[in-house]
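Protein chains in written order, with numbering that gives the first Met the number 0: chain A, 0 to 117; chain B, 0 to 486.
Since the hints were made in silico from the structure, they are not lab data.
Honestly, I wouldn't trust all of these hints.
Stated by the list, open to error - In silico SDA-like cross-links for lysine to any residue, where the CA-CA straight-line distance does not exceed 20 Å:
1. A:K71 - A:G7
2. B:K63 - A:A15
3. B:K45 - A:E65
4. A:K71 - B:S30
5. B:K45 - A:A69
6. B:K45 - A:I67
7. B:K63 - A:G7
8. B:K45 - B:G56
9. B:K45 - B:G25
10. A:K71 - B:P29
11. B:K156 - A:V116
12. B:K45 - B:I69
13. B:K63 - A:G115
14. B:K45 - A:G68
15. A:K71 - B:Q26
16. B:K156 - A:L110
17. B:K63 - A:L110
18. B:K63 - A:K3
19. B:K63 - A:A79
20. A:K71 - B:F31
21. B:K63 - A:Q34
22. B:K45 - A:A66
23. B:K63 - A:H112
24. B:K360 - A:A79
25. B:K63 - A:Y60
26. B:K63 - A:G68
27. B:K459 - A:G115
Said to hold, decoys possible - Some chain A residues close to chain B (C-beta under 7 Å, calculated; not the full set):
28. E59
29. Y60
30. H62
31. I101
32. V105
33. L110
Beta carbons: idealized from backbone N, C-alpha and C, even for Gly.
Here is what each chain is made of, one letter per residue.
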Amino acid sequence: MKAKDLLGRHGEKLAAGFLETQGMRIMDRNWRCPQGEIDIVALDGDTLVIAEVKTRRNLEYGHPFEAIGAAKLARLHRLALSWCRDHEVRAARRRVDVVGVIDDGVGEPQLEHLRGVG
Amino acid sequence: MGVGRSYSIALLGLNGYIVEVEADIGQTLPSFVLLGLPDASLNEAKERIRSAAQNSGIPLSRRKITANLIPASLPKRGSGFDLAITMAVLRAAGDIRSTEGTVFISELGLDGRLRPVRGILPAVMAAVQAGHPEIVVAQANAAEAELVPGAVVRGYKTLARLAFDFGANPQDLALDYEPADGDVAGDQDVGAAVAPDLCDVSGQGDARRALEVAAAGAHHVLLCGPPGAGKTMLAERLPGLLPDLGDREAMEVTAIHSLSAVHVDSVQLLRRPPFENPHHSATAAAIIGGGSGLPRPGAASRAHRGVLFLDEAPEYERRVLDALRQPLESGELVIHRSAGTAAYPARFQLVLAANPCPCGKATGRGVDCTCTPVMRRRYFGRMSGPLLDRVDIQLQVERVSLADFGQSGTEEDTATVAGRVQAARARQLERLGSLGMETNSQVPGRVLRGELRLPSATTKILDTSLERGILTARGYDRVLRLPRMLD
């Protein structure tokens, strides 16, 4: 595994833990299909949450949130539908969240969470 | 936190309007939206602001930034809003203390320096009038902004310094950054170009006298004579005879020059009457003002309170010459374009120069002239009757005689004549001040034929001419005006 993938995995683990502290129940992690991958699927009350996690060591290449463009958001919404079809889940409400993780490996990692983007 | 607010000025011509800048930060993915009718150069502000803030050590929020320029219906252009938007956004993020009430007028460099913008003087005047005397500008604009009475101006070189004064956390600020001083206007004398002196003109006693009268009474002049007689020399020396501009006039003139491209860094008040000498190929837009989008002032407005000299006047397009009739009458130019209407003052003294005919040899007996009568008529026909009707002094300038030429060096210099002009202006003010006027050329016909009426024996020849249709009513008043000058 390459270093960047390791960092990504590490970030996703931190994010999943963080979402659980926010009262969400993790349903699935790293679900893949031909269209792409969902980092975290969670349940927030009766809302199905599709969470995308972006991890950076520092801000040299920009903030993690800046890496999420319109195309990526659209794909996440499509993936959410695919996941529901695949698991035969009918969610009353669905939303896409983004979790930004900045962890330079020295200090405490910083997590930022945006609910219901795009 | 919440909504940040600051102020800037949008200029429409010389009129400035207060623009309120609101900024809000939404909890969603990063983006920057600018609302409120920005033009292309203003929309680029988003990128300038992001880089400038980053490089100043006070990066913008990583959320959705919405900045709104109010009123939305007012077209806004140019880069002068950069700073106001930045400050509102920083305030919205809670990075600095309240910016409410302060007017910010400056462009931002990518490195975080504040750059000077055009039209600072009229913008600051508008801000003070609108009740916002606290103004922040780029250091290079500070001297110009301070010309406005009542303005509390602060000039800054960098965004970091400004943010520091507004209470930003100094820890990350790039306070040590000093941009090179290359583009900061120093104390160079803008108006210090040496004006030509009247003593350079040999002979031409009549013309010199006419010029003196024109200067004293602010009359328009037509100089007609063969090439080489000295028409251009004479015209160029007219501004030197005019007295210095008063406070209000100097402000008007400086405001126009602050707006037009000629003196971007005019840091001092222009006290001398301007001189504009456009080429005869100039278009109506160049003379009157114009351009795409919002109209910019033309030569006529740049000559406001000074001299507009049209050399080879019949060579101008007739349309261009006739376009001058309106400002000659009203002292103002109102220009309409798609993006809005601008009114520029244009109370200039018009000096026209013309050859007697296209070949220029129809002087004296005119034996060398090769022009046909039709050519001559067509040549002078370019200057329409209505235009010439407004020119008080029409003068033949003859070739300099050998006797006069040999005598050169004994002529009066500008200072002597300007002294007499000054005295004449003072006398006019004494006579006309109670009527609310300063110079003879402003006296309306009603007053000429009323309070200042001449004895009927004196005006007899005029009355006859009017009756016969040789003179128009306006011409009649113009003729009445001039002798008031000669006494």
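*asked:* To test your reading of the hints: which numbers does this structure violate?
replied: 2, 7, 11, 16, 18, 19, 21, 24, 27, 28, 29, 31, 32, 33
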